Amino acid sequence: MSIIEPEVADPEAEAAHLQNATATEVLRAGVRASPELRTGFLVSVTFAIVVAAGRLVVPVAIQQILDKGFTSEGPDWSFIITACVVAYVAIAVLAVLDRVTLLRLLTTAENVLYGLRTRAFAHVHDLSLAHHSETKRGVLVARVTSDIEVLAQFASWGAISWIVNLTLIVVSVIALAVYQWQLALIVVVVLLPILPAMRIVQKRQLRAYDEHRSRVSDTLSSISETIGGVRVLRSYGAVRRARRELHESIERQYRAQLVARFYFAIMFPLSDLFSGLALAAVVGVGVWWGPGWGMAAGTLIAAVFITNLIVQPVAEIGEVLDQTQTALAGWRKVLNLLEEPVDVVEPEVSEELPNTALAVELRHVGFEYEPGRPVLFDVDLQIDAGANVAVVGETGSGKSTMAKLLCRLADPSTGEVIVGGVDLRRVGRTQRAAGVRLVPQDGFLFDTTLIENVRFGRPDASDVDVMGAFESLGLGDWVQELPDGLATAVGERGDALSVGERQLVALARAQLADPGLLILDEATSSIDPETERKLGYALATLAEGRTTVSIAHRLSTAEAADRVIVFDAGRVVQDGTHDQLVAQGGVYGALHASWIGNTRS
Amino acid sequence: MSTHSHTDELVPDDESPAEENPAGVTLDDGDETALSISLGAKLIARFVRMHPAPFVLSIIGGVGWAAMIVAASIVLGRITDEVIEPAFDEGIDGGTVWWAVAALVGVGALRGLTVVVRRWFGSVTEARMQRSLRSAVADRLLEMPMGSYRNRPTGQLLATSDVDVTTATQMLMPLPFSLGVIALVVFSLASLWSADPMFAVVAVLLFPALAWLSRYYTTRIHEPAALVQQKLGRVSAIAHESFDGVMVVKTLAREEPERVRFDEAARDLADERIGLARLTSIFEPLIIMLPNLGMVTLLIVGAARVESGGATIGDLVQAVALFGWLAFPMRIVGFLFQALPRAVVSIARVDDLLAEPVDPAYAPDSASESDVVTESTARQTAAVARRSAARSGVPEAPEVPAPKPAVVEELLPEGPLSLELDGVGFSFGDARVLHDVSFRAEPGEVLAIVGSTGSGKSTLVNLLAHLDEPTSGTIRLGGVETTALDADELRAAVSVAYQESYLFARSIVDNVRLGRDVSDEAVQAALRRSLADGFVSELPEGPATVVGERGVTLSGGQRQRIALARALAGGPRVVVADDATSAVDPVVESQILETLRDGDTTMLVIAHRLSTITLADRILHLEDGTVRGIGTHEELLADPEYVALVTAYEDDAPVEGVGAQDAPTGASGVAGGKR
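Going down the list, the protein sequences come from chains W and X. Residue numbers for the first sequence follow the working numbering, so the first one is 1 and each next one is one higher. Residue numbers for the second sequence follow the working numbering, so the first one is 602 and each next one is one higher.
Keep in mind that a hint or two might mislead.
[As the list claims (entries may be wrong)] Every beta carbon over 10 Å from chain W, so not counted as near; a handful from chain X, in silico:
(1) Ile661
(2) Gly695
(3) Glu885
(4) Glu1224
(5) Ala1239
[As the list claims (entries may be wrong)] A few chain X residues facing chain W, derived, Cβ under 8 Å:
(6) Asn893
(7) Val1097
(8) Ala1106
[Claimed, not checked] So the derived label-pair ranges between C-beta atoms look like this:
(9) W:Pro483 to X:Val861: 24 to 32 Å
(10) W:Leu220 to X:Gly1230: 41 to 49 Å
(11) W:Val96 to X:Ala810: 52 to 60 Å
(12) W:Ser217 to X:Asn752: 24 to 32 Å
(13) X:Arg821 to W:Asp484: 52 to 60 Å
Read the hints as simulated data drawn from the structure, not as lab findings. Because the structure is a prediction, the values reported are computed rather than measured. No residue lacks a Cβ here, since even glycine has one placed at the ideal position from N, Cα and C.
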């Protein structure tokens, strides 16, 4: 089965890895990862063999009736009727068995896919944030959607095609050999070249389809630029040029489509050609040497019908070769994901965090997202319980990474993060979520109601608790003004609310959970003044009685903090009160001058 | 047992809209089948009129294929009688054997050829049709008035120009095949009748059963198949949401509830698919069983006919072989019935977009289009010609009545320009967005425009950019009414930099130049003036660097500075900056605005930052679509509404501290150093 070994299966980066994995290896790993495959699968395959053998009923009936039903004195009616009744019954029984087998195979396939999909999903959430960068996110989604869908399509057609057609070919060739082994040999020899022939066309076709797909996405991005940039195009008089480019890319897409369709057009008819050749060979050889081998006319006619039965399955296997390869690549990708080691391991027994403001200590903390590319170096920090600390620094200085380590979105590569006197690695998920709360910049909300989104902060909270959280942050009026109050639907990703409003929700969520350590990633995008005011008040209220670490983008935040920690290139370079740091100058001095230069004009 | 292998025959896998659109295109509810068949027939007629030649050829291929199937069965029957039977009785000569071999190979090759013809010309029809529709949609996107964009979300426009166009034309592949199948039924009955009328009787019983079964099956799976798409969309939506919100999931320890939520959706999908498998696994065995039963019946009938001398063994073999080849093609008709309603729904959406009016300002004038000389001019001209031919099947757009009466075009005065609005109002539909807006920006003045959300600022920008025409009042540039100006001259004089700083996926130079006749030096100068030259020169290929799609490789502030350079590159005399530096570091922003205040350029700056506002000579305060006040910052401070507005803008800077309007020259050094 070397033909299905992945050769150029995947143009992506994984190609190298996949090339080393043979089809058999993927199959073996796949079966290991899917216990669903082991239950009753062999029974289904046995049924499939029986059903495939059943396809020979008609050719055998023809042979029997022609050779034995027609005697020199005319038809032997009792034999013919008996043979036909047997054939009718066999066909009907096999149709029932066919249905059972097909349903069994498809059900198994769906259950395997379900298992694979849900295990992959759970695994993705077990991986640390290091695996969740913006760029990798699309890949992760693909693993549980399109990659599995490729497998699903394969399961409902390709995989079954392999099982059914392979057994059909084997059974038919055996039947042919039983009638006359030389004919079986000839059919095999004549039909074998169909696979490499289809393979050649298929490879070209694949390349052409790839080309076409790129042209499709070119056109699509041209169109999307036309729509998104419509104001720019029009106010700069660039419509004429945009029109020309759009039509050029539509034209290129058209040409690429025709090239791909050319291969599509010549691919399948190959089987018609080979079918003609095989029939001609069987008939030619059969009539020339058959009488000498002691064959009967009916046997040769049956051989012709069996040959017809073989051509179709061979062509179908040829057609699913490519799909098989894609499916194996997809399968491999999902399996690779499942093999990805979980890097943030939850402790078996969790230690409790004290139910008060939490002190924070970073001991020689270093961190790298990718080996050899550290973003934090040997950070040593102590933050007192109840302190209000601002962390500042340029983009990429490591301040956001530190925030992530504080709530264990990832573990430090070296050193340890101690919160409330406990190494964060010994604190379980739930305890961590209750004690340490990060309010992220983008304030992502789930596509449900406001109240449900806030309740995520503490699942047992009542409606009154949720409203109470808003009110204690001075946001009661804001909630009342929303179209449906707490029941307002926030839309996909919270799009029905503004960035600032989403942060308000995140703050209410934190208030509800009453954490001892609050980490706030300030929004950088502009927030409308009204919301900004609400946010400021809510934050001040929320911070009371907790340790607060703010990743600050604004001077006012840094200025209001008890202490300012300045990050630069992965290290803490300055640490002190606002006034001390301003006096020191350095990185903070420059940032401050830049801020002050603007706001205090 | 069989498989779905031949679905490929219908939808070649180069495009599968369902995959790209996992939520699935909303399909009709099976009830409208009758309606959609008549609409479908109209649609087919319309497509045929647009590209008749390849369509007819694909049908010839389809019918030829049917003829070749029947011919193959006849050849087999004749060979049985004249070669096989004699060979085993009295023996035959070599020539006869070669004749038989040649006939079998020939009929197989010819059958393959007809398939090639059908598939190729079917593809050509479909591809040309898609090109025609896509071009028409693209033109309409370029030509429809801005108002049309307000009513149509971007996602919907994209879906129409891609998925809908594809879906509308997808039935062009199964169509010639289906016609071939109908021909196959006719040819088969004729050949069976001529072999032996009794064989035709068996076929007459079998054909309708197969056709009905196929039709019934496609109808039955319609709803569950749509449900599967829906469930798949749900699975995909949860995965997207859950992974996008991974920060929330992790910080709130919601992994378990998320897993449960996804499990339920995945189980639902699996169950729905298993439900579909229940239908499929009944249909597939039946569609194989029926012809087999027919073949055995033929054997009985055939034996009787052979006994009575009405038919030969060869006739019987011919009939049996034909029956064996019938099962698969019969289901194609079912697929056509499936594709047709989808096509009707999609073409309706395409037509709906094509019914948008054309703004004559953006309609192509053939003269200017053809004098654009490119390497592909010839191809291009051909494409344009084809496109206009294609227009015959595309609804003509109503033109928006030209807003301007034919006035003799006037010329702008030399030097800095004033900008004057006189009683300008704008409304779309019933909504009055601007009314009675009158003000005058002096030549070379920097005028800031402030106002709360919904005060009409963006609409004002659209009017100043001439993307929309005022519904009342006049706009005068350098004393000349803008409606009396040539569009190109107007665009050269007034340029707009937008907040969203849309960048195209091409080089920075191209983005700044945007197809205008602007020298490299002017591009460089513009980048310098918008303080973008520093970071641009540090990019891998400097100004020739291609920015990622939508400019993702640059920060928001950097994108805005390039967009600003674009506005400056044409040497405009009036610049409208629509919060165009909102993401730029405030210090850099001040510096940019300082360099722009050169006395030659009149500037209208929509501003949010106090620092920007105080840089302006005067400030225009918009409220509820009209002018609330205009004057210097100090003058306006007398208005408590203005104070509230600008205070809210900058929490950090108390208003009483803002007295001096002097430029923050001290800070420029820092920004300069940072660069």
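Okay, the hints, checked on the actual structure:
Chain W leaves Ile661 (chain X) outside its interface by the beta-carbon criterion, the shortest separation being 14 Å against a cut-off of 10 Å. Its beta-carbon lying about 8 Å from the closest one in chain W, Gly695 (chain X) breaks the requirement of being farther than 10 Å from that chain. Interface exclusion of Glu885 (chain X) from chain W breaks down, the closest Cβ pair being 6 Å apart, not more than 10 Å. Under the 10 Å C-beta cut-off, the non-interface status given to Glu1224 (chain X) relative to chain W holds; the minimum distance is some 15 Å.
For Ala1239 (chain X), the non-interface assignment is confirmed: its Cβ lies about 20 Å from the closest Cβ of chain W, beyond the 10 Å cut-off. Taken as an interface hint, Asn893 (chain X) checks out: its beta carbon lies about 5 Å from the nearest beta carbon of chain W, inside 8 Å. Because the beta carbon of Val1097 (chain X) sits about 5 Å from the nearest beta carbon in chain W, less than 8 Å, this interface hint is met. The interface hint given for Ala1106 (chain X) holds, since its Cβ lies 6 Å from the closest Cβ of chain W, which is under the 8 Å cut-off.
Distance hint for Pro483 (chain W) and Val861 (chain X): a CB-CB separation of about 30 Å, consistent with the stated range 24 to 32 Å. Range check, Leu220 (chain W) to Gly1230 (chain X): about 47 Å between beta-carbon atoms, so the 41 to 49 Å window is met. Look at Val96 (chain W) against Ala810 (chain X): about 18 Å separates their beta carbons, and that is not inside 52 to 60 Å. Evaluation of the 24 to 32 Å hint for Ser217 (chain W) and Asn752 (chain X) yields a pass: the beta carbon distance comes to about 27 Å.
With their beta carbons about 41 Å apart, Arg821 (chain X) and Asp484 (chain W) fall outside the hinted range of 52 to 60 Å.
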